[in-house]
Amino acid sequence: DAGVTQSPTHLIKTRGQQVTLRCSPKSGHDTVSWYQQALGQGPQFIFQYYEEEERQRGNFPDRFSGHQFPNYSSELNVNALLLGDSALYLCASSLVIKGYGTDTQYFGPGTRLTVL
Amino acid sequence: AQTVTQSQPEMSVQEAETVTLSCTYDTSESDYYLFWYKQPPSRQMILVIRQEAYKQQNATENRFSVNFQKAAKSFSLKISDSQLGDAAMYFCAYRGDYGGATNKLIFGTGTLLAVQP
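Chains as they are written, first to last, in the numbering used here: chain R, 1 to 116; chain L, 1001 to 1117.
Hints were generated in silico from the structure; no laboratory data involved. Just so it is clear, the structure is predicted and the values come from calculations on it, not from any experiment.
Each computed SDA-like pair below joins lysine to any residue, with the alpha-carbon atoms no more than 20 Å apart: (1) R:Lys-98 to R:Arg-55; (2) R:Lys-26 to L:Ile-1049; (3) L:Lys-1055 to R:Thr-104; (4) R:Lys-13 to R:Phe-64; (5) R:Lys-26 to L:Leu-1047; (6) R:Lys-98 to L:Tyr-1033.
Given the sequences, and given the hints that come with them, work out the whole structure.
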């Protein structure tokens, strides 16, 4: 049973560039959440996708956008990169249980983004 | 807004001994879920244990158990018979129970656990 996968593992960009990170959810899951984890900090919620729509968003600027595909995989796009965007980006998948909410979130290995 | 606080930035334990990691949270909700995640140097966030707030019984998973005190808003993790592989950053996390597809996790700042041989 494949777990959550993310690509790429590492990425180096320069200020002002754009980046796309990818996530494939755990088999059977339909919801993808993205988190940003700065060095030495706990993860911060960016947004969550379900049924190909952004369902909830954390306190992140519009430079952060995403997409969910019919196969439930997801992309995180960041435009006009800033030095402060350097972080570990974690993807988590879960399953919506109607009338209950999302079940436990399982995380991928993350993508380490470095902005120079 | 909900918050999660981990007041112990670092902890150390001898192999085979027991250690307790602390977590407190603040919420006005009555139904919610609490989690402990482990993040080893490999960076993969691994679920350790989960507790539903409506359950009075403390959750247990093998050597890992929690002490959930709802009135005190406290959720500590006890690791028994510590092993070298337990060395990692441990995060406490909160999730509200909204009944919809918008259940984000709110994390604490983490506790770095070292296991001494």
